[in-house]
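Chains as they are written, first to last, in the working numbering: chain E, 1 to 123; chain H, 1 to 108.
Hints in this document: simulated from the structure, not taken from any laboratory.
Note that this is a predicted model, so its numbers are computed, not measured.
Any given hint could be a false lead.
[Said to hold, decoys possible] Covered by chain E, per the in silico footprint, the following chain H stretches (three or more residues, Cβ under 8 angstroms):
| no. | segment |
| --- | --- |
| 1 | 39-52 |
| 2 | 81-91 |
| 3 | 94-106 |
[Said to hold, decoys possible] Below, a list of computed lysine-lysine pairs in the BS3-like style, where the Cα atoms sit at most 25 angstroms apart:
| no. | chain 1 | residue 1 | chain 2 | residue 2 |
| --- | --- | --- | --- | --- |
| 4 | H | Lys108 | E | Lys43 |
| 5 | E | Lys76 | H | Lys108 |
| 6 | E | Lys76 | E | Lys43 |
| 7 | H | Lys39 | H | Lys108 |
[Said to hold, decoys possible] From chain E, some residues computed to sit far from chain H (all C-beta separations above 10 angstroms):
| no. | residue |
| --- | --- |
| 8 | Val11 |
| 9 | Gly15 |
| 10 | Gly30 |
| 11 | His35 |
| 12 | Gly44 |
| 13 | Ala61 |
| 14 | Gln82 |
| 15 | Asn84 |
| 16 | Pro100 |
| 17 | Ser107 |
| 18 | Gly114 |
| 19 | Gln115 |
| 20 | Val121 |
For every residue, glycine included, the Cβ atom is placed at its ideal position computed from N, Cα and C.
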Amino acid sequence: QVQLVESGGGVVQPGGSLRLSCATSGFTFGNYGMHWVRQAPGKGLEWVALIWYDGSSQYYADSVKGRFTVSRDHSKNTFNLQMNSLRVDDTAVYFCARDPTLFGELSYYFDFWGQGIPVTVSS
Amino acid sequence: ETVMTQSPATLSVFPGEGATLSCRASHSVNRNLAWYQQKPGQAPRLLIYDASTRATGIPARFSGSGSATHFTLTITNLQSEDVALYYCQQYNTWPPLTFGGGTRVEIK
Numbered sequence: 001q002v003q004l005v006e007s008g009g010g011v012v013q014p015g016g017s018l019r020l021s022c023a024t025s026g027f028t029f030g031n032y033g034m035h036w037v038r039q040a041p042g043k044g045l046e047w048v049a050l051i052w053y054d055g056s057s058q059y060y061a062d063s064v065k066g067r068f069t070v071s072r073d074h075s076k077n078t079f080n081l082q083m084n085s086l087r088v089d090d091t092a093v094y095f096c097a098r099d100p101t102l103f104g105e106l107s108y109y110f111d112f113w114g115q116g117i118p119v120t121v122s123s
Numbered sequence: 001e002t003v004m005t006q007s008p009a010t011l012s013v014f015p016g017e018g019a020t021l022s023c024r025a026s027h028s029v030n031r032n033l034a035w036y037q038q039k040p041g042q043a044p045r046l047l048i049y050d051a052s053t054r055a056t057g058i059p060a061r062f063s064g065s066g067s068a069t070h071f072t073l074t075i076t077n078l079q080s081e082d083v084a085l086y087y088c089q090q091y092n093t094w095p096p097l098t099f100g101g102g103t104r105v106e107i108k
């Protein structure tokens with residue numbers, strides 16, 4: 001079955017960096033686009049970034065553009081989020097999620113989600 | 001950016017009754033709308049996509065309808081396990097992909 005498991009979260013000071021990883025299994029990773037979605041404490045869901053199945057395109061929310069970078073490693077079936085210049089308002093649980101479309105243009109919704117990993121930005 | 005607005009914020013329903021959740025878009029999103037269920041401490045689960053298509057394994061008591069700017073998620077015969085937060089998400093115009101603020105469904 002499809003499994004997504006996030007790692008790499010933790011506590012970091014403002015201005016610091018973290019790298020999140022999403023380990024995938026149960027499907028052919030290289031055939032699917034992937035997304036990061038976050039949820040601040042007690043708040044709703046906010047889409048963060050996406051990457052196409054082949055890594056050829058990435059898109060970001062304005063709130064993270066220029067600070068966050070998504071990448072994927074097809075040899076390890078992992079999907080990553082490099083977060084730099086972290087701010088207090090980046091504090092959230094970060095979910096990796098799969099886009100359901102096989103190859104080609106993404107569907108832009110999310111059919112499988114990881115359990116999430118907390119990131120706390122605090123001095 | 002397409003702003004999604006959900007109402008009501010909280011819905012209290014007797015077991016076995018129905019619940020109707022509303023989602024409105026600031027611009028037409030055609031039928032490019034999904035619904036998710038999120039239980040406390042869990043990841044969201046896809047319920048509905050393309051406004052009215054149930055995702056794999058979703059019970060028939062969940063149904064979606066609507067188009068353009070107004071959408072509805074209907075839960076019939078509410079069960080205790082349906083207590084959760086429900087979010088709508090548009091994927092017609094991006095970036096960004098945007099979610100509504102959520103509706104909490106409670107058992108009365």
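- Query: Would you say E:Gly30 is clear of chain H, with no C-beta pair closer than or equal to 10 angstroms?
  - Reply: holds (22 angstroms)
- Checking the smallest CB distance to chain H, is E:Ser107 really beyond 10 angstroms? violated (7 angstroms)
- Query: Is E:Lys76 close enough to H:Lys108, meaning Cα to Cα at most 25 angstroms?
  - Reply: violated (48 angstroms)
- Query: Can we confirm that no CB of chain H comes within 10 angstroms of the CB of E:Gln82?
  - Reply: At roughly 18 angstroms from the nearest Cβ of chain H, E:Gln82 sits farther out than 10 angstroms, so the non-interface label holds.
- Message: Confirm or reject: E:Gly15 is not an interface residue toward chain H, with every Cβ-Cβ distance exceeding 10 angstroms.
- Response: Given that every Cβ of chain H is farther than 10 angstroms from that of E:Gly15, nearest at about 24 angstroms, it holds.
- No chain H beta carbon within 10 angstroms of E:Val11's: holds (20 angstroms)
- Against chain H, does E:His35 hold up as non-interface, every C-beta pair farther apart than 10 angstroms? violated (8 angstroms)
- Query: For E:Asn84, which was marked as not at the interface, is the minimum beta-carbon distance to chain H over 10 angstroms?
  - Reply: E:Asn84 is indeed farther than 10 angstroms from all Cβ atoms of chain H, at 19 angstroms.
- Within a Cα-Cα threshold of 25 angstroms, do E:Lys76 and E:Lys43 meet the stated pairing? violated (32 angstroms)
- Should the label of E:Ala61 as a non-interface residue stand, given a Cβ cut-off of 10 angstroms to chain H? violated (5 angstroms)
- Taking the shortest Cβ-to-Cβ distance between E:Gly114 and chain H, state whether it exceeds 10 angstroms. Non-interface label fails for E:Gly114: nearest chain H Cβ at 6 angstroms, not farther than 10 angstroms.
- Is the Cα-Cα distance between H:Lys39 and H:Lys108 25 angstroms or less? holds (17 angstroms)
The structure fails to meet hints 5, 6, 11, 12, 13, 16, 17, 18 and 19 from the earlier list, while all remaining hints are met.
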